[in-house]
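Got chain A sorted already, so can you dock chain B onto it with the hints?
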Amino acid sequence: MRVVFLGKGGSGKSTLAGLLCAELAGRGERVVAIDADTVPGLDQVLGMESTDDWSLAGTAVREHGGWRLDGSAAEIVDRCARQGPGGVRFLQMGNVDARLKEHELRREQHVDRWSGTVAFNTVSRIFDEEGGWTIVDLQGGTLQVANGLVGTAGVAVLVVEPFAKSVLTARRFAEMGRWPKGIRLVGVASKVASADDEAYVQRALDTLGVPLWVSVPTDPAVQGAERSRQALVTLPADAPARRAVARLAELLAEAGAVTASTH
Amino acid sequence: MTKIAVAGKGGSGKTTVAGVLARLLAENGREVLTVDADENPNLGISLGLGVERTYELVSAREAMLPDGPAISGPMEEIVDRFAAEAGERLRIVQVRKFDEFRPG
Numbered sequence: 002m003r004v005v006f007l008g009k010g011g012s013g014k015s016t017l018a019g020l021l022c023a024e025l026a027g028r029g030e031r032v033v034a035i036d037a038d039t040v041p042g043l044d045q046v047l048g049m050e051s052t053d054d055w056s057l058a059g060t061a062v063r064e065h066g067g068w069r070l071d072g073s074a075a076e077i078v079d080r081c082a083r084q085g086p087g088g089v090r091f092l093q094m095g096n097v098d099a100r101l102k103e104h105e106l107r108r109e110q111h112v113d114r115w116s117g118t119v120a121f122n123t124v125s126r127i128f129d130e131e132g133g134w135t136i137v138d139l140q141g142g143t144l145q146v147a148n149g150l151v152g153t154a155g156v157a158v159l160v161v162e163p164f165a166k167s168v169l170t171a172r173r174f175a176e177m178g179r180w181p182k183g184i185r186l187v188g189v190a191s192k193v194a195s196a197d198d199e200a201y202v203q204r205a206l207d208t209l210g211v212p213l214w215v216s217v218p219t220d221p222a223v224q225g226a227e228r229s230r231q232a233l234v235t236l237p238a239d240a241p242a243r244r245a246v247a248r249l250a251e252l253l254a255e256a257g258a259v260t261a262s263t264h
Numbered sequence: 054m055t056k057i058a059v060a061g062k063g064g065s066g067k068t069t070v071a072g073v074l075a076r077l078l079a080e081n082g083r084e085v086l087t088v089d090a091d092e093n094p095n096l097g098i099s100l101g102l103g104v105e106r107t108y109e110l111v112s113a114r115e116a117m118l119p120d121g122p123a124i125s126g127p128m129e130e131i132v133d134r135f136a137a138e139a140g141e142r143l144r145i146v147q148v149r150k151f152d153e154f155r156p157g
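Just so you know, the sequences run in chain order A and B.
Number 264 marks the last residue of the first sequence (my numbering); no jumps.
Number 157 marks the last residue of the second sequence (my numbering); no jumps.
Only chain A is shown next, with the shape it has when bound in the complex (with noise of 0.2 Å):
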């Protein structure tokens, strides 16, 4: 199952996701998460040491004047991935384009081909090949979604807060055009504080005709967690924002259920 988050920048894309990814592999299952944010920071949401970490990139090989990671998917994810707490396998993919170039600037090669697109051809191939679940973490914006990031299959969490400038990146998201076939566009309400900020997100997406999944509460635990630098996925299970991903997590297990019994 492939679930790619996305939404504005600051929206809770990387706690949301990296909940999910801690929910999943807590029920025993298989989870490569993939942070592609530029700005990373997945590795901190599952309480992982965050490092100055150039494993993708140092990988790469030359390749028609470009850069191609080598292998399959798996040999990929065996290689560069990190452990993360629960058995989940992490990878930063957002700066691999970057440390390249620097890589790059520094031999003080000419870039002749700069396709910049390394992160997104891996991502691809591990959407691919991988069993099991791949959570990716998209960065804020429409840009990456814009040039194919999402691949062609699975579920994308749009999430949204329950501010104007949330829903109009909401509605840029929706009105991008015709959705790759396979992918199917979900919202959830993130920083939700009343009654009236659930219904302000759910009136938004029903005009963009995208369903309401989850409404994940604000939750002061999760600040409280940041703040002391501990990981979101010690949260006691009882925690509303834990709660609301549990929920996500059951409805993606349902929609890729249904997706694999339709193959």
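Keep in mind that the hints are not guaranteed to be accurate.
[To be verified] Capping the alpha-carbon separation at 20 Å, the derived lysine to aspartate or glutamate pairs in EDC-like fashion look like this:
no.: 1; chain 1: A; residue 1: Lys182; chain 2: B; residue 2: Asp152
no.: 2; chain 1: B; residue 1: Lys62; chain 2: B; residue 2: Glu80
no.: 3; chain 1: A; residue 1: Lys182; chain 2: B; residue 2: Glu153
Hints were generated in silico from the structure; no laboratory data involved.
Relative to chain A, chain B alone:
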């Protein structure tokens, strides 16, 4: 001319700070040009343009022909061509946005 850049993490409040600052400066009699350089441009909302007008803003990049020349020439000309009125003494230029799937 004073140039002010507002930077920070996604969702930290860059756009809100920039929008309010621009409005206050304009209200105090300054001539203000705001530049929304975010690829996910929402500054119009903070300037008070409303959601619809912000959504409809044409960015400088898309206003050019696909095979046309890159943006060049005197800055004032560029601003005159691409800026939208956002209030008295207050204009906005949106650099670019990605609002459709790109081929290939």
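Each hint tested on the structure:
1. Between the alpha carbons of Lys182 (chain A) and Asp152 (chain B) the distance comes to roughly 18 Å, so the proposed pair stays at or under 20 Å and holds.
2. Proposed proximity of Lys62 (chain B) and Glu80 (chain B) is contradicted: the alpha carbons are some 28 Å apart, above 20 Å.
3. Only pairs whose Cα atoms come within 20 Å are accepted, and Lys182 (chain A) paired with Glu153 (chain B) is accepted, the gap being roughly 15 Å.
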